[in-house]
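J.: Chains A and B are the protein sequences, given in the same order.
Under our numbering, the residue at position 285 of the first sequence is numbered 273, and the numbers go up by one with no gaps.
Just add 1099 to wherever you are in the second sequence, counting from 1, and you've got our numbering.
Heads up, some of the hints might be wrong.
As the list claims (entries may be wrong) - Taking lysine-lysine and the PhoX-like style, the derived pairs with C-alpha atoms no more than 25 Å apart in a straight line are:
(1) A:K337 - A:K196
(2) B:K1392 - B:K1450
(3) A:K196 - B:K1579
(4) A:K285 - A:K259
(5) B:K1450 - A:K50
(6) A:K196 - A:K338
Claimed, not checked - Cβ pair distances, simulated, as ranges:
(7) B:R1292 - A:V38: 56 to 64 Å
(8) A:N306 - B:A1332: 51 to 59 Å
(9) B:G1566 - A:E104: 43 to 51 Å
(10) A:Y86 - B:E1637: 57 to 65 Å
(11) A:T313 - B:F1167: 40 to 48 Å
(12) B:F1455 - A:K90: 43 to 51 Å
(13) A:K90 - B:K1214: 52 to 60 Å
To be clear, the hints were calculated from the coordinates, so they are not data collected in a lab.
These numbers come from a predicted model, not from an experiment.
Cβ atoms here follow ideal geometry from the backbone N, Cα and C, with glycine treated the same way.
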Amino acid sequence: MNLLSPMFLLLAQTGGTGGGFWFPESASTVAPEVDFAFDFITGISIFFFVLIVGVMLWFMFKYRRRGHLPSMESPTHNTPLEITWTAIPMILVVLIFYIGLKGYVNITTPPENSYEIEAVGQQWYWSFNYPNGATDINILHVPVGRPVKINLRANDVIHALFIPAFRVKMDAVPGRRTELWFEATREGEFELYCAEYCGTQHSQMVGKVIVYNQFAFEAKIDELANWLDKVPDEDLHKAGVILYNYCSTCHTVDGSPLIGPSFQETHELFKSGGTRKLADGSAVTVNEDYLRSSIRKPSDQIAASAQGVAYPSSMTPNIADQLGTRGVEAMIQMLMRLDELVDAEGKLKKVERADIVVGTEEPQ
Amino acid sequence: MTTIDTTKPTPGAETPPVDNYLTHSTGIMSWLGTLDHKRIGVMYLVSILTAFFLGGMFAMLLRLELMFPGEQILSQDQYNMAFTLHGVIMVFLVIIPSVPASLGNFVLPIMLGAKDVAFPRLNLFSYYLWVTGAVLAVSSIFFGGVDTGWTLYVPYSTSGTQMNGILLVTFAVFVLGFSSIFTGINFIVTIHRLRPPGMTWFRMPLFLWAIYATGILQVMATPVIGITVALLAVERLFGIGIFDPALGGDPVLFQHFFWFYSHPAVYIMILPGMGIISELISVHSHKHIFGYKFIAFSSVAIAIFSFIVWGHHMFLSGQSPLMNVVFSAITFSVAIPSAVKVFNWLATLYKGSISFNTPMLYALSFLVLFTISGLTGLHLGTLATDIHLHDTYFVVAHFHYTMMGGALIAMIGGIHHWWPKITGRMYSEFLGRIACGLIFIGFNLTFFTQFMLGSKGMPRRYHDYAGDNWNPTVTELFGKYHFWSSIGSFVMAAGFFLIAFYLLHSLFRGKKAPANPWGGRSLEWQCASPPPHDNFSEPPHVGDPYDFTVLEWDEQEQGYHWRHDLKHEPGEA
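Isolated chain B, as found in the complex (with noise of 0.2 Å):
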């Protein structure tokens, strides 16, 4: 299936061996005590995806229950804790650590042509934060469940039965709060201490600009979480009266509380995939970036206007109607820097070289998806049309577009993109573009069908639409659209299976990779592949990230490199 020439000796080969960060050191200890920011990456790497195969089986559960009207496998009480469970894991297991922890920890150092972050101890501390907090969360499962979705809105989830699941996770989010916390600092420091000389803010790769506001984000917003998981935790267990009316609390501050948090989240979600997607689209298109600063500044601004509009998810909470107003009139705010990023992103493709390699593949599907999951967002930041769609599918299929669609889309062509140099190994091609269209296909399938099913009056978290109070009608209705989401979940589940086959086969069979397969200008591409263990062996040439001018392809190395006919001069613009 992939393509191996076995005829021709692979590149390197006659070459003694070259040490690199996977072979510095060996054993099992040297990974699980390792401050190697490489060796962390990839264990974050390793760990988040396995938590996401996890969380993609519960959505399969999910799928495969509501494919037909009336109960197929799950009982009402197992579906409500499936796809709770789904939530948390892909929340605050996957997406919000994603990118950052395990990319950002692997390319940022390097990017900045730094040995390690500024904290290497802490960045190991948190990774067992994570694991700790992973193994509570799941853990839940054997201790009762969990069936209060992943918001975990009072009085439900202080008055249920599932006292011990419900402790449980509350004391994951608090964990894994922290965990999210150190990361976020120890990007800010390293990003405004080790950047080497000549590399001032505007000559930083985007993809830093985004990991910088993620963790400003990281660091202001998630005590709020902390706090209130806490608050809850005592109110379950000691019975003191601050969200639960019985007890002469307000179930909506724990709304605000929440939000106040959750809301910066979906940022902390996205913002670094946004950074990823300006590295894929220049690098892929060996084109300049087009509006640099703009870019750049986009991201911090959707850090600022993200802390000022968590109240437009509570527009039915019963908060008085003039907050809706105003919370509605600054959500619209966010729109502008988002659009203004997506504009720049396409003016870059102007005149650029565009390749079709399986990383440039999920940054145009992303331009696609987010671009459908912004406008809808219109709809739903509009107080007259979210009143209707107000948890609906509609607001399911939304942020479906923009975590999944944008987040995790832009994470998966991340490690595509930077394989080679984690790895040392190149993947197929072929196969990669495969499943990049099965997943675009999949999931336009099993989403956009639920915009429909939410504007026709679909609620979210419904274990089944048939049952004596139902309308047959509706029931039929409902199914059809439930029937294609269903069935297009299983084509996206195909192609990620297919990338793990082919990912896992690159390991063992794949083509060594060269230093540079894509003609990337930032630093991580001017040390082999994969690193050395203190990353570059002599200083890196700092300059324009995104003058592509300077390389020029190699036939026999399959990568490219400086030009022959330009000095090599460390510090050179």
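So that you can see chain A by itself, here it is in the shape it has in the complex (with noise of 0.2 Å):
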């Protein structure tokens, strides 16, 4: 290959972990061996290509017609040309196959002491789900340099995972059980996609991807397997805000419109005691019991917008199970005292774990 060598270097400065012409970053430690495949098809394909499209300027050029005369005598067919021509495009794709297949088995092939996340797709957001019952939305915190198995499965329709960091992706299927495995090889914070088409929101299934020291990892699931415990009853409305970002996809805060109705609007609800119309064309009084049970079972009853038309689909059924009985009345909380969480523009104050957690200490 000293031959490509140059072009290599060219177009394919991989070398490092900041990405390059083609790349993002990489932090896993299958990317070098995806990069290399990448750029060793993409050596391939420039030389073809110079070669072809060199080949056709250079006839272009020397064969120009001139005049109408009949074209130069030259044979029509060559037996041995056509097989050289088939063959070394065989023998090159073979050995593409086998350096794609050896990368392949090692991206597939999880190790045997991997920590294992469950990763769960649903319209239109991500919940991450640790071995000691912590859960987070659109941000998958993992340990550096230990193998990570992500455990995926799809609520609704079929999403598909995809860190381009670590160069992994996998699609989460309804009724199927699919993972895929990294190992990350240094601290940071890298992109997460959907990379599978599911719908309105689509766009905005995005998260990241926050790798941590084993310390500070076992700080951070420990935090989030029990913060909402040690929020005292008067700021569970507080804890509500960091929750909210299992709804923002479909209820805004400040009474535009979106796939379901904003808060605002059930706030305003609640706090004149007024009712709200269903699809199926009964009202609802909006009271503590009605945002519990519209939590809960989302499905019993859907509401009907502005316009009097039902919202295009009701809301994860299970819902209630990722936020915890805590975390399903810390949301009630939130949607009865919103007035108190939202600034003068009707944006969201900010609201950090540590200013309403009590007794956590700063981990080493």
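From the two separate chains plus the hints, produce the assembled complex.
T.: Below, the structure is given as structure tokens:
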């Protein structure tokens, strides 16, 4: 490949972790292997492209039409030549296939001792569940230098988890279990996407992976598992602001319409003791019981929008399981006390976990 | 703008008007009810180009929306419907029927020296099926729209709320499938039964080999999509679980069915284009095609291989890793016949007399663009790299290089090549070359940027690349590529509008076309331009379709004709 190495350097500066002409930054053990395969194929492609287009341009110049004379005599077929240019690509594609296969075996074989995290795709967010009961939305927390296996599920339609910096991607298919694995090679924050088209908010089903050192990781998932219990009851509505990530793709807090009713509308109905029109034509008083039942069993009472038509679809049925009992209570508190949580422009005030959790210590 | 010589009387002006297929009968019904393959071909051409305009407009909406981060002109739902209709129109209404139904219909029987296709009534019927399918598909806009993508993946397509739109589109695909099957059967039978004496299989122009291989694919693969969308409709209407896991079905099964048709469909789209390129390169360099048998058999090889590679669309669907490995291996086998064709076309140019007429410029553009599409296919067929590139803009760029840079560029080249034959008029060479340049530059700017966008990690079918969850650095990076991609699409659109202008202009003001303006040797260049109703008044000279030595240039006629020192003998070699 010495012949091609200048081209590699020119177009594929993927030596470091910072990405290059083609790639985003790389941060997993399999990334260099994938990048090598890509660069190898790109090198072959550039070689053949230059060859084919070069010969074409040369012929175009050399044999350009001069008057209406018939073209020169030359053979119309040559079997050895045909066999040669059939055989050379054949050998090359076998080589490319082999390189791709070797990388693929590594990418699809998680090591035995992998740390397992469950990822659930639903319209339109990812929830990540950890063995200790911790859960988070759209943010995947992982340790550095340890293989992590993600078990994928989908609640409604097909989604796909895609982490470009790790060069991994896998579909999450309803009714099937799929998996992907990676080992992060350095700490930092990386992009995470849904890569299988899943409807209206597909382009906002985006999040990030945060890679920690082992200690910080343990502390983080510990905090995620227990933090709600450490929030005093009088601050529970503030915890709702953090959990709002579960809801934000469909419900706004400023009254503007989205997939579902705005929290502002619900809050004002609650304050005034008003009623909400439902898709089936009936109406229901917005009180604490209504709020609780519409989170626990969202499909029982589908709200009608201002125009009187049903909102497109009901909420994820198991949202209450994802939130947990105390999480549901936090959301109800948030809906009831929303006016205390927004600023003058109607935007949510920033709430940090550390501000409302009592008795936590900073990780060492 | 166009070069019209008004001082000199146009050739044929002195002679009394000759009857041709355009003047043979008049009135709107003489077109709508015609059984003449030439008129049906022209009706197809006009209809398909109209659909192409519509699909192109949707593409421009998408490019405008994506030009800058944040919502520009379309809401999320509108964007999703726009890319769905862009896909449905371009795949099912434009590219699949494009070359065989329009140019194929016009040229195929004449190339065979026949009066018509084997089943003229079936031909007309298949046109009206196309019209029905087109009306159904486009009318879905008025019944709630469809936002599933042209792939109609379940369970999204069975669980959404846009039931009417999806039923309309599935029914449209079903009907269009029959149109395609009938065209395929018609051409297969025509080629088998209506070849003139002396035209053996290996004396057919390569365009016919390509149409023949396409016909086999149309007849054998299309029923599968019919069955698939029928099952989809049954599931939606009656709630019978086939694909939807909530009803006990399997969504991956749908993907198998869908791609079992849609992968061969890729070759239904590209094979006729390859056939056109074989003609253009040979005729416009006045050079016998190199490796005739290898090009002909590679069409058949592609048709066969294309049936067993569908699984490469599903490397991440959850099918078993072993199947992925097998499908990846077989996928590479398709690369070989495609490469063989490219090498043979190159060898044809060797020692040729290469003109830079507009059709030839499209053929040369095709060589560049198709090479890029084929080579980037290697990145996607390779398992390790596909995992990163799957469902990103890299795939979008790759298939646009194949479908548009390949199939459509070839079709536009073919339209320019046969335009004098179809209409009897010459268009402006000067504007033709400019338009080709605009399209070539615009195309590469539009889609080469998308390769980088994809390898950098931008997933496809995204309405936006900004928002609360988005990293601003990424938004800025993707924004740069999207901006230039959109600029490219505007350049390309300018090229297409220019083509529309000078082609329409040529109908009214173009110079009269000679029978053989390029020096083509296949039979359609032996009848008048435009051809008479019955195609040939005397039996044409069948021979080697790429032997250009028998032709000579006639300055007065501005075209080529049979050499005076050679005897005219029907059926001579």
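J.: The structure should be examined with respect to each hint, and the outcome stated for every one.
T.: Outcome of the hint check:
1. A:K337 - A:K196: holds, 22 Å
2. B:K1392 - B:K1450: Distance of about 20 Å is within 25 Å: holds.
3. A:K196 - B:K1579: holds, 22 Å
4. A:K285 - A:K259: With a Cα-Cα distance of about 22 Å, the restraint between A:K285 and A:K259 holds, given a limit of 25 Å.
5. B:K1450 - A:K50: At roughly 8 Å apart (the allowed maximum being 25 Å), A:K50 and B:K1450 satisfy the hint.
6. A:K196 - A:K338: Roughly 19 Å separates the two Cα atoms, so the pair holds.
7. B:R1292 - A:V38: 56 to 64 Å: Check failed, 46 Å falls outside 56 to 64 Å.
8. A:N306 - B:A1332: 51 to 59 Å: This hint is violated: roughly 30 Å between Cβ atoms.
9. B:G1566 - A:E104: 43 to 51 Å: violated, 30 Å
10. A:Y86 - B:E1637: 57 to 65 Å: The hinted range 57 to 65 Å holds for A:Y86 and B:E1637, with Cβ atoms some 60 Å apart.
11. A:T313 - B:F1167: 40 to 48 Å: Since A:T313 and B:F1167 have Cβ atoms about 44 Å apart, the given range 40 to 48 Å holds.
12. B:F1455 - A:K90: 43 to 51 Å: Hint holds: Cβ distance 46 Å, inside 43 to 51 Å.
13. A:K90 - B:K1214: 52 to 60 Å: holds, 59 Å
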